[in-house]
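2 protein chains.
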Amino acid sequence: MDAAACAEEFRRRLDAAADATESALDALLAPAPLPGEIARPARLLEAMRYSSLGGGKRLRPFLVIESARLFGVVGEAALRTACALEMIHCYSLVHDDLPAMDDDDLRRGRPTTHKAFDEATAILAGDGLLTYAFDVVADPKTHHDAGVRAALVLALARAAGLGGMVGGQALDLAAETAATPLTLEATLQMQAMKTGALLRFAVDAGGILGGASVSQARALTRYGEALGAAFQIADDILDAEGDSAALGKRAGKDAERGKATLVGLLGLDAARARRDSLVAEATAALRETGLGEATDILAEAARFVAARRN
Amino acid sequence: MDAAACAEEFRRRLDAAADATESALDALLAPAPLPGEIARPARLLEAMRYSSLGGGKRLRPFLVIESARLFGVVGEAALRTACALEMIHCYSLVHDDLPAMDDDDLRRGRPTTHKAFDEATAILAGDGLLTYAFDVVADPKTHHDAGVRAALVLALARAAGLGGMVGGQALDLAAETAATPLTLEATLQMQAMKTGALLRFAVDAGGILGGASVSQARALTRYGEALGAAFQIADDILDAEGDSAALGKRAGKDAERGKATLVGLLGLDAARARRDSLVAEATAALRETGLGEATDILAEAARFVAARRN
Numbered sequence: 029m030d031a032a033a034c035a036e037e038f039r040r041r042l043d044a045a046a047d048a049t050e051s052a053l054d055a056l057l058a059p060a061p062l063p064g065e066i067a068r069p070a071r072l073l074e075a076m077r078y079s080s081l082g083g084g085k086r087l088r089p090f091l092v093i094e095s096a097r098l099f100g101v102v103g104e105a106a107l108r109t110a111c112a113l114e115m116i117h118c119y120s121l122v123h124d125d126l127p128a129m130d131d132d133d134l135r136r137g138r139p140t141t142h143k144a145f146d147e148a149t150a151i152l153a154g155d156g157l158l159t160y161a162f163d164v165v166a167d168p169k170t171h172h173d174a175g176v177r178a179a180l181v182l183a184l185a186r187a188a189g190l191g192g193m194v195g196g197q198a199l200d201l202a203a204e205t206a207a208t209p210l211t212l213e214a215t216l217q218m219q220a221m222k223t224g225a226l227l228r229f230a231v232d233a234g235g236i237l238g239g240a241s242v243s244q245a246r247a248l249t250r251y252g253e254a255l256g257a258a259f260q261i262a263d264d265i266l267d268a269e270g271d272s273a274a275l276g277k278r279a280g281k282d283a284e285r286g287k288a289t290l291v292g293l294l295g296l297d298a299a300r301a302r303r304d305s306l307v308a309e310a311t312a313a314l315r316e317t318g319l320g321e322a323t324d325i326l327a328e329a330a331r332f333v334a335a336r337r338n
Numbered sequence: 029m030d031a032a033a034c035a036e037e038f039r040r041r042l043d044a045a046a047d048a049t050e051s052a053l054d055a056l057l058a059p060a061p062l063p064g065e066i067a068r069p070a071r072l073l074e075a076m077r078y079s080s081l082g083g084g085k086r087l088r089p090f091l092v093i094e095s096a097r098l099f100g101v102v103g104e105a106a107l108r109t110a111c112a113l114e115m116i117h118c119y120s121l122v123h124d125d126l127p128a129m130d131d132d133d134l135r136r137g138r139p140t141t142h143k144a145f146d147e148a149t150a151i152l153a154g155d156g157l158l159t160y161a162f163d164v165v166a167d168p169k170t171h172h173d174a175g176v177r178a179a180l181v182l183a184l185a186r187a188a189g190l191g192g193m194v195g196g197q198a199l200d201l202a203a204e205t206a207a208t209p210l211t212l213e214a215t216l217q218m219q220a221m222k223t224g225a226l227l228r229f230a231v232d233a234g235g236i237l238g239g240a241s242v243s244q245a246r247a248l249t250r251y252g253e254a255l256g257a258a259f260q261i262a263d264d265i266l267d268a269e270g271d272s273a274a275l276g277k278r279a280g281k282d283a284e285r286g287k288a289t290l291v292g293l294l295g296l297d298a299a300r301a302r303r304d305s306l307v308a309e310a311t312a313a314l315r316e317t318g319l320g321e322a323t324d325i326l327a328e329a330a331r332f333v334a335a336r337r338n
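Line order of the protein sequences matches chains V and G.
So in this note's numbering, the last spot in the first sequence is 338, and the numbers never skip.
So in this note's numbering, the last spot in the second sequence is 338, and the numbers never skip.
Chain V on its own, in the form it takes in the complex:
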């Protein structure tokens, strides 16, 4: 594919993944209780729907779906895994927005969950989404092979927990009130945990679902790590130079809060150069999977992540 066709095909698949994820999340968050559930309380369910439906580019679901497709896996297996990951991403936004954390009133141009409902409901909606993610992955509907389901649960929990996303958020909050700013190394580690771990899981999940070889799985992980780092550095660049309207949230607030950002540590030019080299690294890792042109869409995803305006 030439560059223009590839970019177009990428947008088409990103939109398709977003639509499929939206429909699947809507169905998963239906009012009827599943076997073993006693009831689905209406207001809590509404808050979980508010927190997860109708928003975002669905980049993580796209990455699950396209990584799985590399190995010929399409349909429910990838889509349900994508939904589980998106639930975890969305719960993290709900909890991060709470008054005790980042204290944000606005998310994707809408009131945050604790503003639209109340703080207790937002905490519980987050807890509910996090818990449901593991339900969805462990359900036999996701994959006939329990070994695959258990491996997905383990990888997802490890990416999302103490040693991944939750730990990264703790480090990020601690940095705000620390006497000395984070070093470059500590900032990179914090970002790899807070943002990188879930993005890495997205592509690892494709390999787990598709039965990737050890060397393919390693290459995918390297792609996921480079993509995650590029994503975060692009985020820092956007926060430094972006405008609030395009972002759907207030720009410049990371710097105001004294949050550790790579732009603050490196300056804008060096941050941009680093971002571009991460995209090259991601693309090189894809070549090492030996899957040829099938990986073009994921390479385009790395370019998109680095160049995005919101």
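Calculated directly from the structure, the hints in this document are not laboratory data.
Predicted, not measured: the structure shown is a model, and the values here were computed from it.
You may find that some hints are simply not true.
Copies of the same chain look alike in the list, so a pair counts if it fits in one copy or across any two.
What the hints assert, rightly or not - Computed cross-link-like contacts, SDA-like style, restricted to lysine to any residue with a CA-CA straight-line distance of at most 20 Å:
1. Lys143 x Thr205
2. Lys287 x Asp304
3. Lys169 x Gln217
4. Lys169 x Arg97
5. Lys169 x Val102
6. Lys143 x Ala202
7. Lys143 x Leu81
8. Lys143 x Ala128
9. Lys287 x Arg71
10. Lys143 x Pro127
11. Lys287 x Asp146
12. Lys287 x Glu147
13. Lys143 x Met129
14. Lys169 x Ala55
15. Lys287 x Gly270
Starting from the structure of chain V, add chain G where the hints point.
Same frame as chain V, now just chain G:
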């Protein structure tokens, strides 16, 4: 076993389960990151340890361990499942104690996690414990059969989430501010979700680990449901008549807050009678497993739960 010997053996095994759970949780929450974890941030880990170590009767771990033992399953499989369940129980206490929820300063006679640390750390410690529970269960160290691990994850998520514990907490909070008090039926459903679902999972887990027959699994579930209901009604009775020192938390506060309790709905005498009939129901369900005297300890557990003073 005669009644006195059975009560003594019960206390011995309850203490043994508590000791084993404490050691296993301590090891699971060690500073060294697991494969796939990037780092374990010290303060967050400390908050997770504070929230889960050194406290409680460890009733849920005991129930997992003793239910599994009915089928000859002992050792790591039951102990790790017990730890996962206890992590979920402990996270729920941390989040329930938050200012936006029950706003409690004291838990088991110690400052609650958000008092000992801070609110953001308490939210994240809860999220971390919840996530880690699924990591522990899905890990091949828990059971060689991925089918068992995936079944445990699914049952645990369903008991803990929207249609179980989290949903029950949402209903309980909603009842506090509702214009009309909950009916008896609605109160029973709320309690079955908030408290019952995890207790039921504890004994269901034993059946999953042990490969119980369908009829045995059904009988265990009936035992777990009756035990859970007896536990909650005993809790309501304790809150109505108990003293704060024995409880390790303030007595009478449920009634003050207008929380739905069975004592409020039925009166003390009828609540006590209902509690006793639930114990009988639990004991009858155990007989239906066909496992004979092996179930004596679990029958004693039902009596203990109903008669406890804290």
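- Item | Hint check, failures only | Violated hints (numbers, rising): 2 and 3; every other hint is consistent with the structure.
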